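Undergrad: The listed protein sequences correspond, in order, to chains D and B. Quick note on our numbering: the first sequence kicks off at 1 and runs consecutively. Quick note on our numbering: the second sequence kicks off at 1001 and runs consecutively.
Because the hints were derived from the structure by calculation, they are not lab data. You can trust all of the hints, since none of them are fake.
Only pairs whose alpha carbons sit at most 25 Å apart, straight line, appear in this in silico SDA-like list of lysine to any residue: (1) K219(D) <-> L1126(B); (2) K390(D) <-> D1261(B); (3) K84(D) <-> I1096(B); (4) K293(D) <-> F1052(B); (5) K374(D) <-> P1123(B); (6) K220(D) <-> P1260(B).
What you are looking at is a predicted structure, and each value in this text was computed from that prediction instead of being measured.
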Amino acid sequence: MINKTIFAAVVAASTLAGAGYAPAQAEDFVIGAVSARTGFMAAYDAPFMQGVTMYIEQANKNGGLNGKYPITLVERDDASDPQKTAIAIAELLKSQKMNMFVSSAISPSAIAAGTMVKKENLLIMHTIASQPTIPARAGGGSYLVMMSDAHMGAVYGKFATTGLKAKTAYIVTSDFDPYTEYLPLYFKDSFEKNGGKVVGQSTFTYDQQEFTKVVADIKKLPQQPDVIMAMPFDNDFPIFINQLRAAGITSTYLGPDVLDQPSVKGLGKVVDGVHYVTMAAPSTSESAANFVKAYETKFGNADSFYPAMVGYSAMRMVAAAAEKAGTIEPAALRDAFGQLENVDTEIGKATFKGVGKAPNLPVHIMKIENGEGKYITSIKLDPSEIPKAK
Amino acid sequence: MAEFIQYLVAVLNLGAIYALLALGLVVVFGQLGFLNFAHGDLMTLFGYALFFMIGWHTPFWLAVLLAIIFAGLCAVAMERIAFRPLRGRSPMTLLITSFAISGALHVIFQVGISPRSKPIPIPEFLSGYITIGDVFVSRAQIFTVVVAFASLILLRLFLAHSRLGISLRASAADFDVARVVGIQANRVIALAFFLSGALAGVAALLWISQRGAVFPALGLTPMIKALIAAIIGGLANPKGALYGGFLLGALEATLLFLLPDNLVVFRDAAVLLLLIIFLVFRPNGIIASNPEPMR
Chain D
1 MINKTIFAAV VAASTLAGAG YAPAQAEDFV IGAVSARTGF MAAYDAPFMQ
51 GVTMYIEQAN KNGGLNGKYP ITLVERDDAS DPQKTAIAIA ELLKSQKMNM
101 FVSSAISPSA IAAGTMVKKE NLLIMHTIAS QPTIPARAGG GSYLVMMSDA
151 HMGAVYGKFA TTGLKAKTAY IVTSDFDPYT EYLPLYFKDS FEKNGGKVVG
201 QSTFTYDQQE FTKVVADIKK LPQQPDVIMA MPFDNDFPIF INQLRAAGIT
251 STYLGPDVLD QPSVKGLGKV VDGVHYVTMA APSTSESAAN FVKAYETKFG
301 NADSFYPAMV GYSAMRMVAA AAEKAGTIEP AALRDAFGQL ENVDTEIGKA
351 TFKGVGKAPN LPVHIMKIEN GEGKYITSIK LDPSEIPKAK
Chain B
1001 MAEFIQYLVA VLNLGAIYAL LALGLVVVFG QLGFLNFAHG DLMTLFGYAL
1051 FFMIGWHTPF WLAVLLAIIF AGLCAVAMER IAFRPLRGRS PMTLLITSFA
1101 ISGALHVIFQ VGISPRSKPI PIPEFLSGYI TIGDVFVSRA QIFTVVVAFA
1151 SLILLRLFLA HSRLGISLRA SAADFDVARV VGIQANRVIA LAFFLSGALA
1201 GVAALLWISQ RGAVFPALGL TPMIKALIAA IIGGLANPKG ALYGGFLLGA
1251 LEATLLFLLP DNLVVFRDAA VLLLLIIFLV FRPNGIIASN PEPMR
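Could you put together the complete structure from these sequences and hints?
TA: So, in structure tokens, the structure goes:
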């Protein structure tokens, strides 16, 4: 009787296995990551990876990715140096069997990484990179996981004309980085398409220290522009905004998402009224607010929650792709990632299908008031409104 | 006219900070004959000390004073731990060592504190601006010029009239003779490093007062500027650092005002090109005395 039962069980198991119903095997989901833990890009890459790590810790407590695949993160520091990126990726490709990859946001590193992992059919995300040219040049499984520069510029153009009713704008660009060079140009396209007019443009260099000339050029205009869309980072921004306001120029300042930092908000009255865009607004959803609390508890402060929230949300997208693919096989995962629709994340519902290599998501407009970022509105563009990469 | 006054403010603002930084470098060069590349990191150390002390509710100006002393003590510690064991080696060895210290400090700041900027709340009177007719000047710029000039005058008085200052100048002029007349080498070198750290602290205060934040690479750009200013000024004389700082500030501000917008990106390259041409004619800088040999 016992022998018959065992025999029946073996036959049933073999039949199920043959039909593809084999019980799940313990299979690790391996993420290779070469990003900046040190060097200038660590300010953005490192918090993104903190978000990824938070997700992994929580998922592994519940059995791993989608409760099935324990997640292993294999990390290397490229010290913000594209040459070290290439060496570290070659070493990882040789020593690890990976299911997906994360690279630094630095353009040359991201493109090199995307190109190198392409032959392994890996899905690759580039921390908080926003340049649409990265996936366009890397090809394969290269995806951005946050709004692209084109997206951000178009949102700002729409907000300036419809939200602020602005008619004129002045842009300040810098070609030290594609982000600072092209974002204002995407803004210009969208602003003028919506009926506005860009009345002037200045350029600056990174770490310029002095903006008196730019300010004097704006001052020479017959009328102050309604808005100034400018790209100085947090190192140059305090000098620029001080000199701008000192000159009595009161135009609404539209800054990029890098202004979402306590060090900017803490500059006093001079930054009151400065606008910036972000994807991480804790007041827009309960999940976003909960993430910020959890991040603060884990790391002792919430200074870098924005890139971390993007990292955490990116892992939700990966989980959704694995669910959709029904497997964690790299090529299937990569293909499913590009077909994602309305994935619930802390940064909003993300859609890649029909959009391209960067997600369509709501973008939040914030305004600094009394040292705090005050939520103004969220704008979700129609995919047709997101410009093509320049 | 208004634009010219703006330009002058820009020159004084940039030049004063560069001069202070270059002076810090030259004070050490005068004693040991090498350029301390970790000088910029003393600015960063000042910034973090200020950040933490303000976080512990220390009154702002007391925190500034303590942070300047802290930067000075860090410079002394740097000399005691890293440079003293190598005293007598070639200046190149010491230069490479200073690179290593700088690299290690960057990693410590990034991993141990944060890779992102930390805000430093600047007192309200520094974050505003004043206008006189068509001329607009931020209060931080005025503060920079006043503090920098006051520091330069104090330094001048210290070097000219105090016993310690005179011993510092004597050993910078001729180290061996200074030792023969009883000046203690370790003491005077430690003093030079302390002074260098304190000057970096004052420069950092001015730098941060216009930016309101500290981050791991804060000292990198000012360090490079200081290096250029010290070289064009002449390494062996504090006056040279002063002239070099203001010349660099004047060149940068002039090019910013003169270059058309599409050429602004070439400003730093143009400044360096002009300085190379200058050094071809005056290889030892504005104050052309030969640098002291390594002790």
